[in-house]
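Please model the complete structure; the sequences and the hints are all you need to start from.
Chains A and B, in that order, give the protein sequences.
For the first sequence, position 20 matches number 20 in our numbering, and the numbering has no gaps at all.
For the second sequence, position 37 matches number 37 in our numbering, and the numbering has no gaps at all.
Hints should not be assumed to be uniformly reliable.
No copy labels: a pair is met if it fits in one copy or bridges any two.
[Unchecked claim] Okay, derived cross-link-like pairs now, EDC-like style, lysine to aspartate or glutamate, Cα gap no bigger than 16 Å in a straight line: (1) K149 - E178; (2) K12 - D165; (3) K7 - D165.
Hints were generated in silico from the structure; no laboratory data involved.
Treat the numbers as computed from the prediction; the structure is a model and nothing was measured.
Listed below, chain by chain, are the residues.
Number of protein chains: 2
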Amino acid sequence: MIFCRTKAEASKALEKPRAQARSLGLVPTMGALHEGHMSLVRRSVAENDVTVVSVFVNPAQFDESRDLEKYPQDLRQDLLLCEKAGVDVVFAPTVEEMYPEDFSTWVEETQLSRGLCGAARPGHFRGVTTVVAKLFNIIRPGRAYFGAKDFQQAAVVRRMTRDLDMPVEIVVMPIVREGDGLAMSSRNSRLQGPSREEALVLSRALARAEELYRAGQRDVGVLVREMLDCIRSAQHVQVDYVEIVDAESLEPLEHLNVPALAAAAVYIGDTRLIDNRLLNPTEEGTTP
Amino acid sequence: MIFCRTKAEASKALEKPRAQARSLGLVPTMGALHEGHMSLVRRSVAENDVTVVSVFVNPAQFDESRDLEKYPQDLRQDLLLCEKAGVDVVFAPTVEEMYPEDFSTWVEETQLSRGLCGAARPGHFRGVTTVVAKLFNIIRPGRAYFGAKDFQQAAVVRRMTRDLDMPVEIVVMPIVREGDGLAMSSRNSRLQGPSREEALVLSRALARAEELYRAGQRDVGVLVREMLDCIRSAQHVQVDYVEIVDAESLEPLEHLNVPALAAAAVYIGDTRLIDNRLLNPTEEGTTP
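As C-alpha cells, then:
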C-alpha cells in the first residue's frame, strides 16, 4: 500500500495503473474509518483493479469551527484498516496542499443542496462538491463510493457528476448500523455515557416512521409528529430537522405517493448526527 | 474530420486516441471563427496528436438575451476552416445536450472574476467556468487554448484549472488584430458602416496608454484619462469600463510598479467590444 501526502505523490503512484488503463475506485473519506467506510472500501476493492482511499478532513465543508476542531482523527488506525482491506493507495493531503492561500474556485450545486442539511449548514455542500471535484481530478477514478447515511450528499455529488460531465460512476452503499440501530458515524465516538444511549432515538424515530408507512400511514404530518415525539423523549437530544421529502428532488412532500425519504438531524450536546430511511411505495431500492 | 453533435459521439470519436494515450488539444469557441481562433487552432494542431474544436454559443455566459440572440453563427464556414486547418474533431452540441432542464451545478471563480467584465456582466464568468469545466470533462484534453483578447477569461480559467486540479495545461495566445488595429472578434461582424471605423478608438486608446507608459508615464489617472479622451472622441461609442489593473490579481492599481493590464470595454450600439494591452515594466510577456 502506498501512502501519499501530496498530489504529486498520488499522480506518481497512479501513473502505471493509468497507463495500463486499469480500473480505479475512489473512496473519499474524512478518516476515523468505521464499518460504514469499510463497506465502501470492500466494494471498491472487489470491483476495481486499484482502490484509492482519500483521508481529508475538509475544512471547507464545516460550517462550525468547533465541529471541525473536534472532528475525530486516527490516521494510524485508518492506515491499518486500509492495508488489511487491500487498499492500494491512501491519499491524505494537508489543508495547504488542497487549498492554496489564494484559492478562489468553488463548485456549487444549487437545487438538491438547498434543503435538509444544506439549509441547516450554510456552505456545507459547496465545500463537499468542491473537494470531491478536486479529488476526482487528482485521482481520476472510474467509480467513486459514497454511503447512504449521507443521502443528500450522495444525491448532490451524483447531480454534480452528471451536470459537469465528470467521467465517474457514483456508487451509493446502504447505511451500516451498530447492533442497536445507531447509524455508524465517525462522530459517534464523541458520544459519552448516557448520550450514546439517548442517540438511539434518532434511528428509532426513523424506524417508527417506516413501520407506520408500511402499515399504510400516508399522512406526512402524522409521520413527522411521530418522529418528533420519539426524538423529544430523550432529554439531551435537540432536533435540528425532521422531514419527509421526495427521494429524487429532495423537496418537501405533501402526498406520499412517490418514493420518499424520511430524514432527520439532531444535536446531542455539540455533536450533530444524521440518519434517514426510504419510504418507497414500489418497494424497490432507491438510492440518490 | 469528425463532426459530433452529442457527448456520446464525441466520446466515441476520442475512444481510440485516448486508448493510445495520444496528446489532445482543445480549442473551446463559440463559433463564427476568425483569425484569432485560427491562431489557437494552428498552435494546437502543431503541438498535439489530436485537436478538438468545440463550437457552442453558451447561453449561460450571456448576461443579455439580446446579445445572445444576435451572436453571429456560421457553422458551415467554421467546419470548412477547421477541416482546412487539420482539426480532427469538431464538437458542436445543442443547448439541450449541454444543459438538461434540471441542470443545477455551477463552477464559480470568486476573485479574479469580480472586476472588469465580471462587474459589467453579472454571471458571465460563472457561465464560462461552468461550460469550460464541462468541456474539459467531455473532451479530456491535455492542453486547452484561449486568446489574450479575453485576458480576464484566460486568467479565470487558469485559476479554475489550478484550484480544481484539472489535469489540463492552459495555453494563452496573443491578440490577433485587423490591419488597422481592431482586435479580432466574432462580434466585429455586427459593426455596420461608420461604426466599424469608430470602433478603432478602442485599440487606439490602449495603444496610446502603452505609448505613454513606454515614455515613462506612471500615473494611472493620467493614463486612464488619456484613454477615456480617445474613446470619447468617437460619437457612437459608449465607455463600459476603462481600467488599469494588476496583471496577476486583476485588482485596480494605484502605482504602476508591477506588470499591469490596461483593459477597456465599449458599446457601439448594442455591440460590446473589449481589448487590452499589457504595461510591463520588465518587458517580459505576461499572460494570465
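Results of checking the hints against the structure:
Within a single copy, K149 and E178 get their C-alpha atoms as close as 13 Å, which meets the 16 Å cut-off; across copies the closest is 60 Å, which misses it. In this assembly of identical chains, K12 and D165 lie within 16 Å of each other by CA distance solely across copies; the values are 15 Å between and 25 Å within a copy. In the homo-oligomer, the alpha carbons of K7 and D165 lie at most 16 Å apart only across protomers (9 Å), although the nearest pairing inside one protomer, at 23 Å, exceeds that limit.
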